[in-house]
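*Asks:* Taking the hints as your guide, dock the two standalone chains into a single complex.
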Amino acid sequence: GENVEQHPSTLSVQEGDSAVIKCTYSDSASNYFPWYKQELGKGPQLIIDIRSNVGEKKDQRIAVTLNKTAKHFSLHITETQPEDSAVYFCAARRPFRTSGGSYIPTFGRGTSLIVHP
Amino acid sequence: NAGVTQTPKFQVLKTGQSMTLQCAQDMNHNSMYWYRQDPGMGLRLIYYSASEGTTDKGEVPNGYNVSRLNKREFSLRLESAAPSQTSVYFCASAPGLQNTGELFFGEGSRLTVL
Chain V
4 GENVEQHPST LSVQEGDSAV IKCTYSDSAS NYFPWYKQEL GKGPQLIIDI RSNVGEKKDQ
64 RIAVTLNKTA KHFSLHITET QPEDSAVYFC AARRPFRTSG GSYIPTFGRG TSLIVHP
Chain Y
78 NAGVTQTPKF QVLKTGQSMT LQCAQDMNHN SMYWYRQDPG MGLRLIYYSA SEGTTDKGEV
138 PNGYNVSRLN KREFSLRLES AAPSQTSVYF CASAPGLQNT GELFFGEGSR LTVL
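Chains as they are written, first to last, in this note's numbering: chain V, 4 to 120; chain Y, 78 to 191.
Simulated from the structure, these hints should not be mistaken for laboratory data. As the structure is a prediction and not an experimental result, all values here were calculated from the model. Ideal Cβ placement from N, Cα and C applies to all residues, glycine included. Where hints are given, some of them may not hold.
To be verified - One side only, chain V facing chain Y, incomplete, derived with CB under 8 Å:
#: 1; residue: 37
#: 2; residue: 45
#: 3; residue: 46
#: 4; residue: 49
#: 5; residue: 107
#: 6; residue: 108
#: 7; residue: 110
#: 8; residue: 111
#: 9; residue: 113
Stated by the list, open to error - Calculated pairs, DSS-like style, for lysine-lysine (alpha carbon to alpha carbon, straight line, at most 25 Å):
#: 10; chain 1: Y; residue 1: 86; chain 2: V; residue 2: 40
#: 11; chain 1: V; residue 1: 61; chain 2: Y; residue 2: 86
#: 12; chain 1: V; residue 1: 60; chain 2: V; residue 2: 25
#: 13; chain 1: V; residue 1: 74; chain 2: V; residue 2: 45
#: 14; chain 1: V; residue 1: 61; chain 2: V; residue 2: 25
#: 15; chain 1: V; residue 1: 60; chain 2: V; residue 2: 74
#: 16; chain 1: Y; residue 1: 148; chain 2: Y; residue 2: 134
#: 17; chain 1: V; residue 1: 45; chain 2: Y; residue 2: 148
This is chain Y alone, in the form it adopts within the complex (with noise of 0.2 Å):
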């Protein structure tokens, strides 16, 4: 049981270039979300898809977009990518918002941008 699964698990882009973090889960989850990391700042929302066709803006959502694919697939897509956005990506998954249970998370994607 793979559970989530994240790739690429390392990228280094340039300035400007454009890029695809893919993500994809095999528990059924109905909601499907995108955290960001970065040191001393914990774990905060990008965007998240409550269920299959829909997504929301969290609280960091601006220079990024997404796509809910299918029920099993959340993408997140960087258009041009700033050094701001250097961090690590986490994506999530849960049965659905109306659950009070647990997150499930990938292992996350590293993304240098230069």
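Chain V on its own, in the form it takes in the complex (with noise of 0.2 Å):
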């Protein structure tokens, strides 16, 4: 089945840098790829995702870069704020109906950010 590994499991910044969490995922079926931000006590949530068809997706401050060839996927957030401090999850899954594996996603381990102000 997929597994997906993710990359550094903490990760602590000042205000304004950079943040980046890197996933690798070993099915080279996968072709849907999101990511989740979960807040203490909630759930998680969908915050952007990338399709095997394209390289890079950018939302306002955060972007995800995607490999397949190197089965590699990326979450970039800039000018990182408070709010940013969060776990976040990355993801994989194969297409439905795709023999020799699941397609319900599979997550990776997460990354807790902490932005310190």
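*Replies:* Okay, structure coming up:
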């Protein structure tokens, strides 16, 4: 089955700095890569996603890049703010009804981002 | 719009006791999921229901049972709780397995087994 590795487990930055979280996946059939943000005491919430037919996607201060050849994808947050402090999860999923594996998203272990004012 | 609602939010059990976590969604979604979250382990899938009337095991199903009561509700039952089941449990829903869109999560149920 799919295996998603996420690094680092903890990331501490100063307000205004950039933060990068990296994930690798094992299943070459995966084609959908979402990122979730989990604030303290809340459930995870989707913040950005990317599909395998594009290499980069941006939404204001956040961006995601995908390298299908190397099977890795990254979340980039620029001009970090204290409210960006949260746990971030990456995930990977293969297309519906492809054989040989599940099409339920597999999550990484999470990165705790701390932004110091 | 409530989204995904889980009850209870907190529960303390003694080893061997049973309990049911309730989950309801009001988005008319077909698929529903139960995850557990443990420190350093991320989100691990316990069971899921692709549609009303079907349920399937996920990565860590041992010690749990589920019921898809109707399209809105998906419950998780611990028949004989063990300390290893101390965790935060999240219910999630999605339009359907064929949609590569987002999962919508509830706010979680924190369970402690003594």
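*Asks:* Are the hints correct? Go through all of them and say.
*Replies:* Evaluation of the provided hints:
Among the interface hints, the one on residue 37 of chain V holds; its C-beta lies about 6 Å from the nearest C-beta in chain Y, closer than the 8 Å criterion. Hint status for residue 45 of chain V relative to chain Y: holds, with the closest Cβ pair at about 6 Å, below 8 Å. Given hint, residue 46 of chain V at the interface with chain Y, holds; its Cβ is 3 Å from that chain's nearest Cβ, closer than 8 Å. At a threshold of 8 Å, the smallest CB-CB gap from residue 49 of chain V to chain Y is about 4 Å, leaving the interface hint in force.
For residue 107 of chain V, the shortest C-beta to C-beta distance to chain Y is roughly 6 Å, which falls under 8 Å, so the interface hint holds. Interface hint at residue 108 of chain V: satisfied, since its Cβ lies 7 Å from the closest Cβ of chain Y, which is below the 8 Å cut-off. Against a cut-off of 8 Å between C-beta atoms, the interface hint on residue 110 of chain V holds, since the closest Cβ of chain Y lies about 4 Å away. Interface hint at residue 111 of chain V: satisfied, since its Cβ lies 6 Å from the closest Cβ of chain Y, which is below the 8 Å cut-off.
The beta carbon of residue 113 of chain V is positioned within 8 Å of a beta carbon in chain Y (closest approach about 5 Å), and the interface hint is therefore held. Restraint check for residue 86 of chain Y and residue 40 of chain V: the C-alpha separation of about 20 Å stays at or below 25 Å, so the hint holds. For the proposed pair residue 61 of chain V and residue 86 of chain Y, the alpha carbon gap of about 35 Å is over 25 Å, so the pair is violated. Among the hinted pairs, residue 60 of chain V with residue 25 of chain V is consistent with the structure: their alpha-carbon atoms are about 15 Å apart, no more than 25 Å.
Note on residue 74 of chain V and residue 45 of chain V: the hinted pairing is violated, with a Cα-Cα distance of about 30 Å set against a maximum of 25 Å. Only pairs whose Cα atoms come within 25 Å are accepted, and residue 61 of chain V paired with residue 25 of chain V is accepted, the gap being roughly 16 Å. In summary, the hint linking residue 60 of chain V to residue 74 of chain V is supported, as the alpha carbons are separated by about 16 Å, within the 25 Å threshold. Distance check on the hinted pair: residue 148 of chain Y and residue 134 of chain Y sit about 18 Å apart at the alpha-carbon level, within 25 Å; holds.
With a CA separation close to 24 Å, the supplied pair residue 45 of chain V and residue 148 of chain Y stays within the 25 Å bound.
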